[in-house]
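One line per chain: the protein sequences are X and Y, in this order. So the first sequence is numbered by my numbering: it starts at 1 and just counts up by one. So the second sequence is numbered by my numbering: it starts at 1001 and just counts up by one.
Everything labelled a hint here was simulated from the structure, so no lab data went into it. All values derive from a computational prediction rather than experimental measurement. Some hints could be false.
With a Cα cut of at most 30 Å, we get these calculated DSS-like pairs of lysine-lysine [stated by the list, open to error]: (1) K376/X to K1028/Y; (2) K1028/Y to K23/X; (3) K133/X to K1121/Y; (4) K1028/Y to K374/X; (5) K127/X to K334/X; (6) K204/X to K14/X; (7) K1079/Y to K1028/Y; (8) K14/X to K101/X.
Residues from chain Y shown here face chain X by an in silico Cβ test under 7 Å; the list is partial [stated by the list, open to error]: (9) I1024; (10) R1031; (11) R1032; (12) I1033; (13) G1034; (14) I1045; (15) Y1048.
We treat Cβ as the ideally placed atom computed from N, Cα and C, and that holds for glycine.
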Amino acid sequence: MNDYQHSVLLDVNKCTGCTTCLKHCPTEAIRINNGHAVINDSRCIDCGECIRNCPHSAKKAVSSRLESMDRFKYKIALPAPTLYGQFENLDDVDYVLDGLKKIGFDDVFEVSKAAELVSAYTRTYLKTEGIKKPVISSACPVIVRLIGLRFPSLSGNIIHMLPPMEVAAYLARQRALDNNPGLKEEDIGVCFISPCPAKVSYVKNGFADYKSQVDEVISISDIYFRLINEMSHGSDIESLSESGIIGIGWASSGGEASAIFNERYLAADGIENVNRVLDQLENGNISQLEFIELNACPGGCVGGVMTVQNPFIAKARLQALRHGLPVSRNNLTKEQSQYIPDSYLFNELPEYEPISRLSGSIAESMRMMADIQKLKSSLPGIDCGACGAPNCRAFAEDIIRGNAHFVSCPIKGNESVTVKENDIDG
Amino acid sequence: MSEPLVFHYDIDGEDFISAGQASIQIKKNLRRIGLSPEVIRRVSIAMYEGEINMVIHAKGGTADVMLYEDRIEIILADKGPGISNIEEAMQEGFSTASDTIRSLGFGAGMGLPNMKRYSDKMTIDTTVGVGTTVTMVINIT
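In isolation and in its complexed conformation, chain Y is listed as follows (with noise of 0.2 Å):
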């Protein structure tokens, strides 16, 4: 089967309470397609960690996941302030988090690290004040 399996989320940025709701759906989902509980873990923490970014610093936005019979596509998409420099955002602690946000136990600065780690592939693609699209693939073996 060369098309995917495509699953649609809408990030709600309004909700922060709900935040993370995608991520377990996709868990669900994966589950019924029988991947390894180790995939499913990896794609799920990556999906958590980039909704929580995109409620967080862009108002929401889009998550689409596309499974294809060897890998896993993630593809989060937002119209927020855009990121200025990749390479700080990449460091372990940075974030640009308001005080509040951090009050409530987010904005470590280890949102972006961790969609690296737990991904085989991630690609930024970022315009300031225009918006952010994160692509992170995942190696089903």
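Just chain X, same shape as in the assembly (with noise of 0.2 Å):
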């Protein structure tokens, strides 16, 4: 997956090389260089992280501009539940659905909607006899991409249900070929309304065979102010909201869990717990559950870096908006919600990738690490980073591995460089 297209820019000209995304990076992919960050597009997992932490405001996530869905004859948009949590005062969902219709959209499909789909067919996937338990969530692309690089031995846990975001585009589809008999199939664009930045990434590069629906990503906070001009406060709004309390819920981190209706789950937010209970759960001491929620960014998608609003006030938003509607609004009948249909699942995962072996031959390998682990005790273990690796640690391999120098660090980087480069070789 080296050709696997990132949506993290950087401005040069804002990058200061500062150290501040390097210490944050959860997989070390990235290294300044030449006084400005550079990430290594193989490791790199699109948490945001980097923009989350940035001081300087280098770090960009990218995505489309409405005017991108000029294209299409007939366009679609798929809001996320988190673009209701970022306005004050809303009490009525249907001010943002109508407001994305006056800036340009012929029809607006709810991911929450799709999401209690979702719900529901996973309730009845838990109940599937001989499924590996616990079960993973795929909502989150950064988590499926996490465990497919670095938790191979969980890729069975992950359950093959497509996101709510895909089972939107797909219903949205077939809804407005069903109300406009003259439609074609090109005719249709899709665009979802984004918290983050790895959703951009997933709808780009698809993964293993499947390619996704969706045409255009475009971010909540490039479209926030357009729509917040086009929303009236007026009574004369269409009622176009599908969702219920569960739909809304999956903006925040605990709502998908929740919505398995069996107390027997876990969720957990924010990258650096995921990979602590990813690694628990690899050594299985962690037993009993039936559900893992994970999603990278703190406090679940209102966390997401294309937001505008702080998670937890945009939480406390959605909290108030869901009260007063019932619980799911999916309209599947018992027989229905047995069943469910292949149009919701993937076939493959993507394939297991070790990032972080040094070397293709296992004696190689070996042989690098023990010059590692030689070179790492003759620095001096304080991390900081000034060399342009995060650790003294990875230092010490990105010299192993030929891309970078011992001179490089500010601390013994003068000291007999000569002894030192030899006693690596000898």
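The two chains are supplied separately, each in an independent frame; assemble them into the complex guided by the hints.
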């Protein structure tokens, strides 16, 4: 997946080469080179931590502009439920949906509506015999990629259910064709209004044999001001919303998991917490769980870096919005919910990629590891980051891989350089 | 390469909260070597159970993981109370852990049985009042 397209861009003019992103990257994918940050694409999981933490706003999420939808005759917006939590004093989701139509969309299909269908089918799936428990949610694309890259033994626990965004795209296209007989497949454009750059990458790359049914991904922060200007507070708006408490609850951590109606679940958010949970799960010491919901962003999707509002404030607003709504409006009959339609499932997960592997040969990797250990012990061990690597161990690895030089160490770099390098070769 | 690659960890018995850290570290290192996910999983579970045992029963100890081209040897050594009846200790569900430990979700009596299950060979050298050394071998193939 070296040709994996990411959604994080660096503004070289704003980057001062400070070590903030270096220290926050959970996969050690960043190095400071020639005074600015460089991301190693094969290690990046699109979690957005570097964007979230950059003090100079030099890291940006890449997403489409609204104008990119102009090429389609029939435009559909798929708002993430997080969008509803961005507005002050919003008492009805319909104002948001109506606003989306006013800025040029022909139809709006709520991702929270699709989420309620995914929840219903997840409950069915959990009753299937012979599945690996605990079942891990596939909704957060960062998590799916993280497990593929670092926790291959847990791949079999991921539910092969498409995320609500994809289900929404599929159902929205069906609805467009049903309601507009003259419309052709290629006339329809589907646009996801996203809280995070990982969804942008997901749509660009798909995974394994799956290709996304979404055409463009626009960030919530880009569309926010245009939308708020068009949102009227009159009473003459269409009744469009079809979401209940469950669907809107998906925007924050625990919303998806609580919808399985079984208390044996775990919901963790924030990439560091997620890593710890996966490590413990891999060691086999989290037992008796049915379902695990993991979100890379703190607080869940409301914590995405393409939102405008603080995640906790957004969550509080969503709680208020949910008040008075039905639990779920998926409208499935008991019989319908018994069988999961094929269109909700994907076949394959991405193949395991040992990103941290030193070399293709185990013997060679062992030799390199021995050299790294030896070199590391001669480094100061204060993990200052001034050499451009996040810590002394990573720096030692970079040297042995031939990507860095000992002289870059600000403390030991000037000390008898030749002796050090001879030491390693011998 | 006949010389093994050695990873040494001190298991701090005072710090129950960070128990399991060595297992996570060894997992990271084995990934860098490029071993198969299944071998890494076995080593990490065996190591984790051993680590927890040393923290619960022996106030910590040391873990040495030796990586040879064909196998991994894990030597867990402590100066704890020793095991008076190995046969009993190997039974699933048998545990001498305190109620406090159990209330934290540990002490289920699966530690040693799991260590045996996930390794290809396991030997226990123990003397009551002196300490215990557990050696596990996991083949790489």
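Structure-based check of each hint:
1. Restraint check for K376/X and K1028/Y: the C-alpha separation of about 16 Å stays at or below 30 Å, so the hint holds.
2. Of the supplied pair hints, the one linking K1028/Y and K23/X holds, its CA atoms being roughly 18 Å apart against a limit of 30 Å.
3. For the hint linking K133/X to K1121/Y, the alpha-carbon distance of about 28 Å falls within 30 Å, and the restraint holds.
4. Proximity of K1028/Y to K374/X is assessed by CA-CA distance (about 17 Å); at most 30 Å being required, the pair is judged to hold.
5. For the proposed pair K127/X and K334/X, the alpha carbon gap of about 14 Å is at most 30 Å, so the pair holds.
6. Between the alpha carbons of K204/X and K14/X the distance comes to roughly 27 Å, so the proposed pair stays at or under 30 Å and holds.
7. Restraint check: the Cα-Cα separation between K1079/Y and K1028/Y comes to about 27 Å, which is no more than 30 Å; the hinted pair holds.
8. In summary, the hint linking K14/X to K101/X is not supported, as the alpha carbons are separated by about 36 Å, beyond the 30 Å threshold.
9. This hint holds: I1024/Y has a C-beta 5 Å from the nearest C-beta of chain X, less than the 7 Å allowed.
10. The interface hint given for R1031/Y is met, as the beta carbon of that residue sits about 5 Å from the closest beta carbon of chain X, less than 7 Å.
11. For R1032/Y, the interface hint holds, since its Cβ comes within 7 Å of a Cβ in chain X; the closest pair sits about 5 Å apart.
12. Look at I1033/Y: its Cβ gets to within about 4 Å of chain X, closer than 7 Å, so that hint holds up.
13. Given the 7 Å rule on beta carbons, the hint for G1034/Y holds: about 4 Å separates it from the nearest Cβ of chain X.
14. Checking I1045/Y against chain X by beta carbon gives a least distance of about 5 Å; that is within 7 Å, so the hint holds.
15. The restraint placing Y1048/Y at the interface with chain X holds, with a minimum CB-CB distance near 4 Å, inside the 7 Å limit.
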